[in-house]
Amino acid sequence: MSAEIPEVLPTGQTGARRRGLRNHSLLIGAALVCLVIVMGLLSFVWTPHNPTLVNPAARLQLPSAEYWFGTDKFGRDVFSQILVGSRTTLFVGIVAVGVAGVIGVPLGIVSAMAPNWFGELVMRCNDLLLAFPALLLAIMFTAVFGSSTLVAMIAIGIATIPNFARLIRSGTLQVLKTEYILAARASGRGPFAIGLRHVLPNVSSLIIVQASVSFAIAVLAEAALSFLGFGTPPPTPSWGRMLQESQEMLWSAPRLALFPGAAIAVAVLGFNLLGDGLRDRFDPKLEDRR
Amino acid sequence: MTTHAAPPLAQDVLTVTGLGVSVGDRSLVDNLDLTIRPGERVGLIGESGSGKSLTALALMGLLPEGLAATGSVRVADVHHDIVGADENQLSRVRGNDIAMVFQEPMTALNPTMRVGAQVAEAMLIHGTRPTRRAAMSAAVDLLEQVGLPDPPGTARSYPHQLSGGQRQRVVVALALANDPALLICDEPTTALDVTVQALVLDLIVRGVIDRGAAMLFITHDLAVVATVCERVLVMYGGRIVEAGPVQQVFTRPRHRYTQGLLAASDLSVVDDRGRLATVPGTVPAAGQFPAGCVFRNRCGHATDVCASTPAWTGQDASDGFACHHPAPASEVGHG
Amino acid sequence: MALRLLIRAGILLASVAVSSVLVFAFMAVIPGDPARVALGVNASEAAVTQLREEFGLNRPLLEQYLEWIGGLVTFDPGLSYVTRSEIGPLLADRVMVTLWLVGTAMIVALLVALPVGAVMAVRHRQLSGLTLSALSQVGVAIPAFLAGILLIALFAVWLGWLPANGWTAPVVDPVMFVKQLILPATSLALVQSAVLTRYVRSAILEVLREDYLRTARAKGLKPMQALVRHGLRNAAVPVVTVLGLQLSTLLVGAVVIERVFVIPGLGSLLLDSVSQRDLIMVQDVVMVLVVAVLAMNFLVDVLYLIIDPRLRAGAR
Amino acid sequence: MKSRLTSRTLALLAAASLVTASCSAGAPGEGGTGTDQGGSTAGGGSADTEELSIGFGAEPENLDLTTTAGAALPQVLLYNIYETLVKVDQDGTIVPALAKSWTVSEDRRTYTFVLQEGVTFSNGDEFTAEDVKYSIESVRDDWTISLKEPMDIVESVEVVSPTEVTVTLSEPSNSWLYRMTTRIGAMFSPDATEDLATEPVGTGPYELQKWTRGDSISLSRNAEYWGDEPAFETVNFKYFKDPTALNNALLTGTINVIGLLESPETLGQFEGNDKYQVIEGTTNGEVQLSFNNGSEPMQNEQVRQAVRHAIDHQALLDTCWAGRGTLIGSMVPPTDPWYEDLTGLYPYDVDKASALLEESGHADHTFRLRLPTRSYATSCGTVVQSQLEQAGFNVTIDQLEFPAAWLNTVFTNADYDMTIIAHTEPRDMTKVFGDPGYYTRYDSEEFRDLLQRADSGTEQEEVELLKEAARLLSTDAAADWLFVLPNLIVAEAGITGLPQNAVSESFDVTGLGRS
Amino acid sequence: MAEQSPAIRVRDLTRDYHRPRRSLLRASPPVHALRGVSFDVAPGERFGIVGESGCGKSTLLRLVSGLDRATSGSIEIEGREITHLSTRRLGFLRERLQLIFQDPMSSLDPRMRVADIIAEPMVGLRHPISPGRVEELLQAVGLSPEAATRFPHQFSGGQRQRISIARALSVKPQILVADEPVSALDVSVRAQVLNLIADLVDELALTLVFVSHDLSVVRHVCDRVAVMNEGQIVEMGPVDEVYENPQHPYTRELIAAVPTLDKALAGSGAADLAAPTGADQP
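If you read the protein sequences in the order shown, they are chains H, F, S, D and Y.
In this text, residue positions in the first sequence follow this note's numbering: the first is 210, and each later residue adds one.
In this text, residue positions in the second sequence follow this note's numbering: the first is -19, and each later residue adds one.
In this text, residue positions in the third sequence follow this note's numbering: the first is 1218, and each later residue adds one.
In this text, residue positions in the fourth sequence follow this note's numbering: the first is 100, and each later residue adds one.
In this text, residue positions in the fifth sequence follow this note's numbering: the first is 322, and each later residue adds one.
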C-alpha cells in the first residue's frame, strides 16, 4: 500500500470537542474527589488540632484563625475532625466498593460466560439479594456482629454486589457477542484467558463507573447509619456522626451541621460527577453519533 | 444566499442551491446544487463519510443537533425555504410533500406501536384522512399495496413480529401514505438480502411511478443506482464531484474519483496478475478530506493545481464534473 | 406472555421462600435471648424459661420456622414477644403508614422527575438543561435525613407553617394528615426525584437518538409530539426498571425519615423491634419489606410486558 | 442464677430510656382546681383544659406492670391509672393516697391501713381490702420482674374489714413502705387481669383511652374518680426517640410539655422566651461510669482510683450536659435524706491518675469502654475517653445497641471494663452494689452489712448507716459517679403544677393545670 | 492430489438450536440451522459459500472452525476428525485453520494494541514469538511497522481488515476461513483487501474458504462455490458453471436478483430483478 497515505486517522475531533463540553462533570468530579483524597492523606501528617481531644475551655467557638471551622460542644476542632473524617469516608467507600467489586465483578463475568442455566441461577440469587436493601442488611449485620464501620460497610458492600454483578454480566454478554472474542477462541485462548485479557479490560469502564457511583452511595449509607446510631463509633471522626451530633445544636450552632453536611455533599457529588463523566467518556454510543 | 434564492420553477419538485452542512467551523457538505423535476428518479452515490446521508437529512430539515445547514432548499408548493424554517413549518412539509425511507428497517419503526397505527398516524397528522377509522383502513390498503401478506393481520403486528424485508415495506408504505411529491430513500436496501432488495427496489420504483412522484435515491451501490435511477450525482468528501445521466456517468466518467470507483467495483476485470483495479488509500473520516480537490490525496493524476478547488465543468448542476485533470471524454471507464 | 408471567410468578414465590429461610436463619444467630429481653433483664430465670416455653423458643428450629411461616401465610402472625399483642393489626397499620409516605414520595418524585428529566434531556446542551442537571446532582448528594432536618428547621420551626413531626391517620383528621405528610414526603421525594430525574434524562436522551424518533419526525410530527407519542413509552422501560430498584432505596430512606419525623411506620417499627430483640416482629417486618421489594420487581416485569411488546413473545 | 439480681435493674431500663419520673405525688395544692382558660400559646391546644400533650423519649413496650420492666411504664400508669396506698411528695415524705391513714406496730413489723371509701376501679368494681390483699400477694407470687423483691419480706396480709387491712413483715424494714409508693404498690382488681398488657384497670383519675403504638398513649378522665377531678379531660403521652424531634414538637405546638428534656444544649431555644417556662430540678438518675469490679484490670483498686482521679467532673458536665445537673461523689442523689457531698474524695488530678495507673501495672491494657447507644452515654463516653487518654489510659469505645446488645454483653455477661449508664430508679444504691452478682460485680461484705443494718434500724440509724455505706462505696472507687441528671421540664407558659424534682417513678398528671 | 485427504471434509452435518418456549404446553420446535450438509475442500482450493442471511453459512463456518458443536455429522480437517474433540484438544485445528471476520469494528479488541492482537494466536497456541515477527506480518499485509503500537480505533475499516488478516496468518495456517471479509468495506477499499487476500493465498499456498452473500465477490475470489439456502447446500460446483448455468431454482433466483452495472446499463430495471422472485420469507 502506498506510503504517502496516512495510516493513522486523527481521532475525530468532533468527538473530542463534544466530550470536552460534556466533561465538565468529569473535571469537577475529579477535582472534588481529589480534594477528599488530599484531605484524607493530609490528615495523616497534619491536623491543626488533635481531632479527638476534648477541651471544655474551648467549646462552641466560632470559626477563627485558630479554629478554622470553630469547635463543637466538646471543644474539639471541627476542621481537624472534617480532615480526619475524610479518611473514614474513603475507608467506607473503599471497603464497600471493594467487597462489592471483588465479588460482583467476577460473578458477573463468570455468570455471563458460564452455561446459561448457571447464569440464570446467579442472576436469580442476585435479584434475591437485591430484595435486601443495603441499610436493612447493615442494621441486621450490626445487630449480629456489633456496630463498627467495617461491619456496616461490608454489609453495604454485600448489598451492592448485585449492582456490580448485573451490570458486569450485561457488559460481558455484550463483549462476548463481539467477533474479537471469536477471534480469541480461534486463537486457542481458553475461557480464563478470554475473561482476563478480553472481557475484563473491556468492561473495566463499566466497573470504574459503577465503582464511582457505588462509592457515593456507600458514603450516603454510612451517613444514614451513623444518624441512626449504627455507624462509626466514637471517637473516630465521621462526617455522618458529626452531623448526627450537631442535630441538637442546629438552633444554636448551625455551622456544626453545615460543615459535615457540606463535606458529605462534596464527596457524594464528587464521586457521582466522576462516575457520570467517566460514563460519558466511555460510552461508545455517545461517541460514534454525529 | 438563503433568502434571495430564486423561487422554484413550477416544474421542479426540489431545488437545492448552495447547500452546506457544517459542525462548528468544519464543513461536512459543501455548496451542493441539485434540482429534481417531477417524476424524475435521481441517484446520489457516495462512500461512507461522503456526506450523502447528511444531505438527505438536511433536505428534510432533520439534521441532528449541533449540525447547521446553509444555502437554500425549496420544495414545490411549499412557500418557504426548508433551511431555516421552524419546526412547525417543517412538520407540515415532512411526510406530506417530502417523505423519506431510512436505511435500517430494524430500528426505523417504533417497537412499541402496532405497524398499522404507525402508518395511519402519518395520514392523521396531515389530515389526509378524515377519521382514525378511515386512516386505519387506508393503512391496511397501503400495506396491501406494498405486498405484505394478510394486510389486516400485519397492521395489528408489532415491528418485531415482521422480517427485515417486511418492515422495510412498512416503512415504504408509511412514506408513500400521503402521496408525497418527493421520496427520499437513504440506503433503503443496504441492510437487506439481495432477493429481498430486489423486491423492495421494485416496490419503491413502482410506488413512485404510480404516484408520479420524484425520487432521490441515496446509496453506495453503483449497480442499484443504475437500476433504479435515470440521473446520478457522485458525492465525495461532502461535494458533488460529478453529475449526469446514469448511462453517461457510468460509461464515460470524467472525474477521476468516479472513474476509480467504477473500476474498483467491477470485479470481472482483472489485470494480467489477476488483480483488481484499486483506488489507493482509504476514505478519510468525515470532515478530514483535503482542501481543494477532496480526492487529491488518493488520485494518481493529482498535481499542485489540485490544491485549489476545481470549478464545475458542464452546462448545469445536473450534468458536469469538478476535476482539474478529468478523464478524456472518450475514455471508457467501464466494460 | 402467559408463560412468561407464570415463570416470573414462580420465581417470585421461590424468592420469597428462599428469603424467608434467610431471614429466619439470620434472626436465629442474632445474639440476645428474646425471652430475656422481653421480660427485662432482671426477670427471674423461671419466668424466662416459662416465656421461652410459651413462645416455643426451645423447640427445634425447623418447627419454629414452619410455625412462623404458617402464621405469615395465613395472615395470622401471632403475638409479639415484647408487646404481647397481635402483630397482624399492628403490622397492617404500619404498612399503611409507610405506604402513604413512600407512595406519596414516589408519586411526587415522579411528577417532578418526568417533566424535569424530559426538559433536561431535550435541552441538554442549553443553559436551562445544564442548570437543572447540576441541581439534580446536588440533590442526589444530599442525604434524605439532612434534607428532612433542614426542612423542619425552615418550615416548621422557623416559619411555623407545618408541624415538625407526628402522624395522624387520614380517617381521623384529613387536614392534619396532609399537613404532617407534606414535610416527610417532600424530604423523601426531593432526593428520589433528583435520582429519578437523572435516569429519566438519560432514558430520554437515549430515545432521542433512536431511529424511529427520526422516522416519526419524518412523518410530520413535531419534535415534542414525536417524543410524547413515540418516545415516552420506550423511555419508560429503563425508567420502570429504576423505579423498581429505587423502591428499596425509598423504603430504606423511609426508615430514616420516619425516625426524623417521628412517624409510626414500618421503619420505626423495625428499628424498635431490633433494639428490643422482638425477633418475631423483626422477622415479620423484614419479610414485609423483602416481599414488597420482590413484588415490586415482579410488577416491574409485568409492566415491561405491557410496555414492550417485544418481550411478550417470550424471547429474551 | 441471677434471679437474685433483681430489683433495681429496672432502673437501668429507666436509665436507658432516660425517662425518669418527674412529677411528684403530693404536688401541693393537690389535683382539683382544674383551673380555667389561660390562652394556650402554640397550636396544640384547642380549649385549654380539654387536652394536654406531654412529650417523652421512650415508649413502654406494653402496659403490663407485672411482667414488664422499664421506666416508661410507671411514668404513664402510676398515679394516673393505677394508684397506690401511699405516695411520696416533693420533700420525700410519704403521704396518704388510697389509704386514708396507716399505723405501724411497735415492733415495726405490722402495718395497718385504713382505706378510702367509695373508690371504684374503672371497670366498675369496688375497691376493697380484698383487692389490697390480692395486689400485694400477687406481687410476691406472680410478678416476674425483679423489682418485686422488696415485697418478699411480706409475711402475711389480712383483711380486717372492707376498709381495713394489715400487712405483716417478716422483719422490720425502713424501705418497705417507701417501696409501696412505687409500682409494686399499685392496686389491681383481681377481676381485670386478663389483658394487663393492653387494657390496664385501676382506680386512678384517668383511664386508658387509646394506645397508638409507636406514637402515643392517650388517657381520658375517669368520670367515677373518687378524689378531686384533674384539670385536663385528655392527656396524651407522646413519644419521640430523638431529642431534637421532641424539642421541635414543642416548638411547633404538637405537644405542650416536654416531660424530660434530654438535650440540655437546646435549652437556649426556650430560655428567655416568654412562650415557654423551663423548670430545672433534680432527679434520682445517677449517670455512672461503672467498673467491672469482678475482673482484671478493674478489680485492681489502683486502676479504679486512677480513673476517678483522671476525670474532671465539672468539665465533663459542662461539655456533655451543658453544665446542667449535680455533681455527686457517690450513689446518692441530693434528694435522698442520706445525701452527702463526697465530690472531694477523688479530686481531678491527672498526674496522680497516671502514677496510680503506672503502679497498678495495667498501663498497657486497652480498656474497653462499652457504651449503650444512648445519647448521654455516647456524649459522656467521648469526654471520658479523652480525659482517660490524657492520663495515659488506652481506651477503645464499643457501642452496643441498647437495650438488647448492651444488656446481653455488659449486664448479663459482665463482658466489659467500663460502661456508662444512668441508674434512674429511686434509692438504687442498695441494688446496684449490694448484690455481688449484679453487673458491677462489687462484692463487699462490709457494705452489705451496712445496708442490712440500715434497713432494719431506726430511721435515724438508717440515715447514718447509709451515709456510711455511700462513703465506703466511694472510697472503694466501686464506680465513678459522673453527675445526677437534672430534671429539665419545658412547658408552654401557663401550665401549672409541674414538679420541681423528679422523686417518684410517675409523671403524675393529676396536679397539672393551666393558668 | 487425489490421494491427499481433503483439507476439509464435511459429512451430513446438522445443527439444531433450541428456542425458548413460548407456550406452556408445547416445546418450541428446534431451529434447524444446518440440515445434512456435506462437501469437501481440496488442499489449495478456493471454496466459496454463498447465501442470504439465516441460510446457515455462519453456523457452518463456526462448526468448521471448531467454535461450535455439531448436532450430528462429521467434520474432518486434513483427515482428522474434530467433531467430538474437546476445546482443549483443538490445538491442531487452530494451527491449521485461522479466521478473518466480517466486522472490522468488532473483530479487534479495542483495548489491545495491534502488536498484541496480531500476536494473540501465537500466544494462545504457545508459539515462540520471534522479535521481528509482528513487523513482518504488518508488512505482509501492507501496513507500516509503526502500526504495532497503536490501538484499533486509530485505523480505518480497510486497515483493520488488514490487521485481522495479519493475525490470522501469524501462526502460518494452511487453511484460511474468511467470513464476509469485505462486506462492511467501502467499495473503493474493497478491491484492495480482495487483492491482498488473493496475493497471500497464492503466495502461501493456502486453502481458502470464503463466505459471502455477495455473488460477484465470490465469483471473483473462488474456484468452486456452494450455494446455501435454509440450512442446506442447494447447489455446488465450479463458480463459472454455477453462475452461467444455475441448476437449482433458488440459485437462479439469487443470481437474477443481483443488480449489476452491466444489466442496469443494458436497460434492466428494478422490476426485472424482482421478476422471478415470490414474496420474501418472513
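It is worth saying that the hints were derived from the structure and are not from the lab.
By construction, the Cβ of each residue, glycine as well, lies at the ideal position given by its N, Cα and C atoms.
A few of these clues could be false.
[Stated by the list, open to error] In silico EDC-like links for lysine to aspartate or glutamate, alpha-carbon gap of 20 Å or less:
1) H/Lys386 - Y/Glu366
2) S/Lys1439 - F/Glu67
3) D/Lys309 - S/Glu1423
4) Y/Lys584 - F/Glu45
5) S/Lys1439 - F/Asp201
6) Y/Lys584 - F/Asp201
7) H/Lys386 - Y/Asp424
8) D/Lys199 - D/Glu225
9) D/Lys309 - S/Asp1310
10) D/Lys199 - D/Asp240
11) D/Lys309 - D/Glu323
[What the hints assert, rightly or not] Which chain H residues stay away from chain S? Per the calculated CB distances, all over 10 Å, these:
12) Val247
13) Ala267
14) Leu269
15) Ile367
16) Phe436
17) Gln456
18) Ala466
Hint by hint, here is what the structure shows:
For a cut-off of 20 Å, the pair hint linking H/Lys386 to Y/Glu366 is broken: about 31 Å separates their Cα positions. At roughly 6 Å between alpha-carbon atoms, S/Lys1439 and F/Glu67 fall within 20 Å of each other, so this suggested pair holds. Restraint check for D/Lys309 and S/Glu1423: not satisfied, since their Cα atoms lie roughly 55 Å apart, outside the 20 Å limit. Only pairs whose Cα atoms come within 20 Å are accepted, and Y/Lys584 paired with F/Glu45 is rejected, the gap being roughly 41 Å.
Restraint check: the Cα-Cα separation between S/Lys1439 and F/Asp201 comes to about 33 Å, which exceeds 20 Å; the hinted pair is violated. Restraint check: the Cα-Cα separation between Y/Lys584 and F/Asp201 comes to about 14 Å, which is no more than 20 Å; the hinted pair holds. A hinted pair counts as satisfied when its Cα atoms are at most 20 Å apart, and H/Lys386 with Y/Asp424 qualifies at roughly 12 Å. A threshold of 20 Å between alpha carbons decides the hint, and for D/Lys199 with D/Glu225 the separation of about 16 Å falls inside it, so the pair holds.
Proposed proximity of D/Lys309 and S/Asp1310 is supported: the alpha carbons are some 14 Å apart, at most 20 Å. About 26 Å separates the Cα atoms of D/Lys199 and D/Asp240, which puts this hinted pair outside 20 Å; it is violated. For a cut-off of 20 Å, the pair hint linking D/Lys309 to D/Glu323 stands: about 19 Å separates their Cα positions. Look at H/Val247: its CB is around 19 Å from the nearest CB on chain S, clear of 10 Å, so calling it non-interface holds up.
With a least CB separation of 26 Å from chain S, H/Ala267 remains clear of the 10 Å interface cut-off, as annotated. Every beta carbon of chain S lies more than 10 Å from that of H/Leu269, the smallest distance being close to 18 Å; the non-interface claim holds. Against chain S, the non-interface label of H/Ile367 holds: every CB pair exceeds 10 Å, the least being about 12 Å. Distance check for H/Phe436 against chain S: the nearest CB is about 5 Å away, which does not clear 10 Å, and the non-interface claim fails.
Taking the minimum C-beta to C-beta distance to chain S, about 6 Å, the non-interface status of H/Gln456 is violated against the 10 Å cut. The claim that H/Ala466 is not at the interface with chain S is violated, since a C-beta of that chain comes within 10 Å of its own (minimum 7 Å).
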